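Taking the hints as your guide, dock the two standalone chains into a single complex.
Protein chains in written order, with the numbering used here: chain G, 102 to 252; chain A, 62 to 484.
Note that these hints are calculated values from the structure, not bench results. Since this is a predicted model, take the numbers as computed values, not measurements. Fair warning: there could be bad hints in the mix.
What the hints assert, rightly or not - Listed below are the simulated DMTMM-like cross-link pairs for lysine to aspartate or glutamate, each with C-alpha atoms no more than 25 Å apart in a straight line:
id : chain 1 : residue 1 : chain 2 : residue 2
1  : G       : LYS157    : G       : GLU187
2  : A       : LYS153    : A       : GLU193
3  : A       : LYS244    : A       : GLU233
4  : G       : LYS229    : A       : ASP430
5  : A       : LYS153    : A       : ASP289
6  : G       : LYS229    : A       : ASP448
7  : G       : LYS229    : A       : ASP106
8  : G       : LYS189    : G       : GLU105
9  : G       : LYS214    : A       : GLU481
10 : A       : LYS373    : A       : GLU164
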Amino acid sequence: MTTELNELYRELLLDHYRRPRNHRRIEQPDRQAEGYNPLCGDHVTVFLKLDGDVVKEVTFEGSGCAISTASASIMTETLKGRTLSEAKAIFKKFHGLVTGESGEIELGPGMGKLEVFSGVCQYPARVKCATLAWHTLAAALENADAVVSTE
Amino acid sequence: MKSVTAPSIVESSSRRTPSFDVARVRLDFPALQQRVHGHPLIYLDNAATTQKAQAVINALRRFYERDNSNVHRGIHTLSQRATEAYEQARSKVQQFISARDPEEVVFVRGTTEAINLVAQTYGRSHVRAGDEILISGMEHHSNIVPWQILCEQAGACLRVAPITDRGELMMEEYERLLGPRTKLVAVAHVSNVLGTINPVEQVISLAHQRSIPVLVDGAQAVPHTPVDVRELDCDFYAFSGHKLFGPTGIGVLYGKAALLDEMPPYQGGGDMISSVTFAKTTYNRVPYKFEAGTPHVAGAIGLGAAVDYVSKLGLNAVAAYEGDLMSYATDALSTIPQVRLIGTAPHKAAVLSFVIAGVHPHDAGTILDDLGIAIRTGHHCAQPLMDRFGVPATCRASLAFYNTEQEVDALIAGIGRVIEVFR
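The following block holds chain A by itself, in its conformation from the complex (with noise of 0.2 Å):
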């Protein structure tokens, strides 16, 4: 496998997406310079966490050796620096989702958090015994398990909408589950194991229609595609920082501001107060009435840069350039005759499931891994999806806007590898 060299990479993206130079942008990761097991590191597990840009490392270093303090409350000129960084983070990311207001912007610890607070607040006060949540089959346990505890705890149930073999939402199912009794409504913008995109704007107008509101779980989207969270009119949207080459530990709950003001607080704490007195507390305005407790400062502004790096690539772009790699990656897995792909939705973004026949996915990963090459093998926190495609795991390569065409030559070339090993 021959390390990868800057001109071919221009030559060949080019051809497609003129706009897009990926051999600029990889300069930007410093992760991705590596070698591992002596091969140049091909990184194809985006979809768990991806790398993270020189700008954004730098934007935590930065606030770590000039500005460290804590927000919202000292009068001192690091405090004051540190809330404006904070706070200019939180526009960042509403510009970026194109919320309306900031205050529509709850900084959370991640996608998960996003949900659980959602389900906690507005859902421990809406949803009654009897009542439904409705999801979709192609969850993460992220998007699964939060409404479960809440049907526990309300006495409600859990409904869930199927999708085809190819991994598509069947929107038929989904609009006869829509009842007098649904209360929320909670689906995955894009599938972390199939990549699927669901029609979300459809599945949010068919509940609105009923009065029920969606939350859309974004994680797996936002670093692929632009987000309009007032164009598609969803309630509430999640994200996490990491996925969107952000640091670990930061996430965004979006919510629509009169949603949002009526909920209950999720955690108690300081900062999520107006006033305290032994009888009586009265809560802060939105969002900070859900950030109780001193926030991940460093992580918001981590994120912030992260936002502006990704809108200077421009998501339009990025989208065009892993559209022709997703293209490129799929006919290359197809031509191997032992390689399943899992999902085949034809409207599907950066991710790619497969199983290989006669090969463990666990087997798969540590051969490639050997090759340098990094995949996710299991179930990816999707185990009821597992059992609908009748597979214990699988070997999922997911990529992000620096993986290249040689990049997915040298995976195509590591599962022959895979394949002559267990031959």
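Chain G extracted, bound-state conformation (with noise of 0.2 Å):
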């Protein structure tokens, strides 16, 4: 295999394809927004349960590809406990890591696993596949009961 698909497909990642953290719904959510991608059939579900302006508890749900599940995962276990302030940041550098737009990144606390995404950008194609979750709870976060989509 060439180096960027080992890059891509690292242990971390394919540990939390296989054993997605958090992975189930919550019954009363506070939020919760549904994300589509129509190119691969992928499907998310984000559920957060907030205490004033703290992320208290996020899950997911769905079904995605290895790097799809794996960045939902990591994201949930990202977040919790987070400022909703804190979160958009903490989107906006992931973005910026598997786009390759930003440069180089400096994670900051508590932010690690999102590393193991930064051979996302060697694969235009697979963007998508990061973000999807990521933009669900944005969407989720501007909206109660949101519906976004990839395309």
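Set out below in structure tokens:
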């Protein structure tokens, strides 16, 4: 395999694909949104429980490729306990990381696992896989019961 | 993975189909002579689009370098050359599909436009509120959505003939759905996802017994099997040039002359008129009535060259060679326990859809691409069919006559690699 491919499918990513964390629905969420990638049929629903402006709990349901599933899984781990403005700032950094648009990215404390997605920028066709759950989360924060599409 | 070498290919293929020299055929396709990520390109996405023969590329070059001009209006030499070449291409297509007359061949952008044309002209003038259009459960979005639009406009209803678990049309159900309100049947000749070859002769004759016209979506059929529209007796037949080794942006709508004649025009503009005053316009005769504006002249000429190329190879020889290759590939895929084939009809052409247990098709596609193997992953513009088989997406390897058993072996090895990564 090429180095790029090894960088894409690292063990941590595969682990989150095989055993996604927080992969369940929240029965009475404060916010919820649905995301859909019509190109590949990937589908994710993000559920949020808030405590003021702090993310008390965040979970997801749905099916997708290794990259979108691992991204959703690691997103839920990373955002739990963050304020809404911190969550938005982390999404911005993550977006820069996977698109390769922001050059060298400095990930803050507790964000180390996001680094596993740094190989995605070599695969422009897969950026949407990595960002689907995040866009869905952003939609949930903007507006309850939103549906987003990558297209 | 070794690069394909000519002698071994000749040996292995001559074992079964001695008339087909795949090694020589491959040399006609410049795009096949490249490496991707350090591996020889293995192009297995032919149902999406095919590679272009050098003869097609040369025809496009020659047109733009020598004969480039507009058609049907200039008195000068170049315009005459262009017109002649354009009309010659129409005659080539006519002979290729055994149409009665060149005027039954309308040049369009592709299969999608051909179907939209029929929906908006024949459909708008014949389909009324409460009428029905009948399609099959294995249609491409391009043979679903134009009919949905028509149904919405007319207040008509879209009916869908179901398919079996193997991916075959349920003929009794189809026949049962042919009713007094059915105004048109539209069905794929070959499924782009399952590879199923539909019994279109039977589909057509059952519809004709009730005087219902039939449109056949032939996009996936013409590159693989000889098509004779008179023998089929279909009323409309649609296909795309780019899936037939020709250029993109050009396709064909075949229609029986009597039907085309009475249909209203599709788009208005130049070339489709006989005379225009502000009070009234008289339309040109078919096929020009349906070719408003400057057509894709170079595309049509390129398609003519593609038709020549394929005819020279002989579609019977192509079908025999591809049949052997399909069995070889089907057997090979069936040896991998993690692989589930989607579409197992006994009569299939060139398409192998499959899913790998525990691996999303997108990931498989990325890993195979890393090995130089191009397959398609996703829903293949057939979401209702994905729902039917309960999968969000599949991997699809689709063959052409320039593919080899060695390439199939490389695909099998590649799938092994995919499984290893996700173990």
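Sort out whether A:ASP106 lies within 25 Å of G:LYS229, counting only the CA atoms.
-> holds (22 Å)
Compare the distance between the alpha carbons of G:LYS214 and A:GLU481 with 25 Å, and conclude whether the hinted pair is satisfied.
-> Since the Cα atoms of G:LYS214 and A:GLU481 sit roughly 24 Å apart, the hinted pair holds (cutoff 25 Å).
Are A:LYS153 and A:ASP289 close enough, with their CA atoms no more than 25 Å apart?
-> Cα-Cα ~13 Å, so holds.
Given the hint that A:LYS244 pairs with A:GLU233, test it: the Cα-Cα distance must not exceed 25 Å.
-> holds (19 Å)
Given pair status - G:GLU105, G:LYS189, alpha carbons within 25 Å = violated (29 Å)
Are the Cα positions of A:LYS373 and A:GLU164 separated by 25 Å at most?
-> holds (24 Å)
Holds or violated: G:LYS229 to A:ASP448, with C-alpha atoms at most 25 Å apart | holds (22 Å)
Does A:LYS153 pair with A:GLU193 here, judged by a C-alpha cut-off of 25 Å?
-> Distance of about 35 Å is beyond 25 Å: violated.
Straight-line Cα separation of G:LYS157 and G:GLU187 no greater than 25 Å?
-> Answer holds: G:LYS157 to G:GLU187 is near 13 Å, not above 25 Å.
Are the Cα positions of G:LYS229 and A:ASP430 separated by 25 Å at most?
-> Cα-Cα ~18 Å, so holds.
The structure fails to meet hints 2, 8 from the earlier list, while all remaining hints are met.
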